[in-house]
Amino acid sequence: MKKVMNILFLSCLKATELIEKKLLFKLVLSEKIRLKMHKAMCDACTNYEKQSITLDKVLSGSESKEEIVIDLINFKKNIIAKIEKSK
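Our numbering applies: residue -7 is where the sequence shown begins, and numbers increase by one.
The set of hints was computed from the structure by calculation and includes no laboratory data. Even for Gly, the Cβ is constructed at its ideal location relative to N, Cα and C. Incorrect hints may appear among the rest.
What the hints assert, rightly or not - Here are the in silico distance ranges between beta carbons for each label pair:
(1) 74 - 18: 27 to 35 Å
(2) 76 - 15: 14 to 22 Å
(3) 53 - 13: 32 to 40 Å
(4) 16 - 64: 19 to 27 Å
(5) 3 - 65: 17 to 25 Å
(6) 4 - 73: 20 to 28 Å
To be verified - List time: in silico DSSO-like cross-link candidates among lysine-lysine, alpha-carbon distance up to 27 Å:
(7) 77 - 24
(8) 77 - 49
(9) 31 - 6
(10) 13 - 31
(11) 69 - 28
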């Protein structure tokens, strides 16, 4: 059972590696499944992926400045809501 758990679950470090890999290459099915399972349980890695995608778009110039500002405003609202909810 322990081997199965190790095969299925990723550390945050490995998840972030796969998130970055996903931006450049196509993940194999097992990587996609493991990453999806990890993100379902880990808000930090889910947020990391959103930030990484945003940075990639900004650096590649494929998104307008208005879309980025709106995304950052929504991101800020989301963080504030989570902080208030945790109080």
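Each hint, compared with the structure:
1. 74 - 18: 27 to 35 Å: holds, 32 Å
2. 76 - 15: 14 to 22 Å: This hint is violated: roughly 32 Å between Cβ atoms.
3. 53 - 13: 32 to 40 Å: violated, 22 Å
4. 16 - 64: 19 to 27 Å: Holds, since residue 16 and residue 64 (Cβ atoms, about 24 Å apart) stay within the stated range.
5. 3 - 65: 17 to 25 Å: violated, 32 Å
6. 4 - 73: 20 to 28 Å: Holds: the Cβ-Cβ distance is about 23 Å, inside 20 to 28 Å.
7. 77 - 24: violated, 31 Å
8. 77 - 49: Since the Cα atoms of residue 77 and residue 49 sit roughly 30 Å apart, the hinted pair is violated (cutoff 27 Å).
9. 31 - 6: holds, 12 Å
10. 13 - 31: holds, 15 Å
11. 69 - 28: Judged against 27 Å, a Cα distance of about 25 Å means the pair holds.
Consistency with the previously given hints fails for numbers 2, 3, 5, 7 and 8, ordered from lowest to highest.
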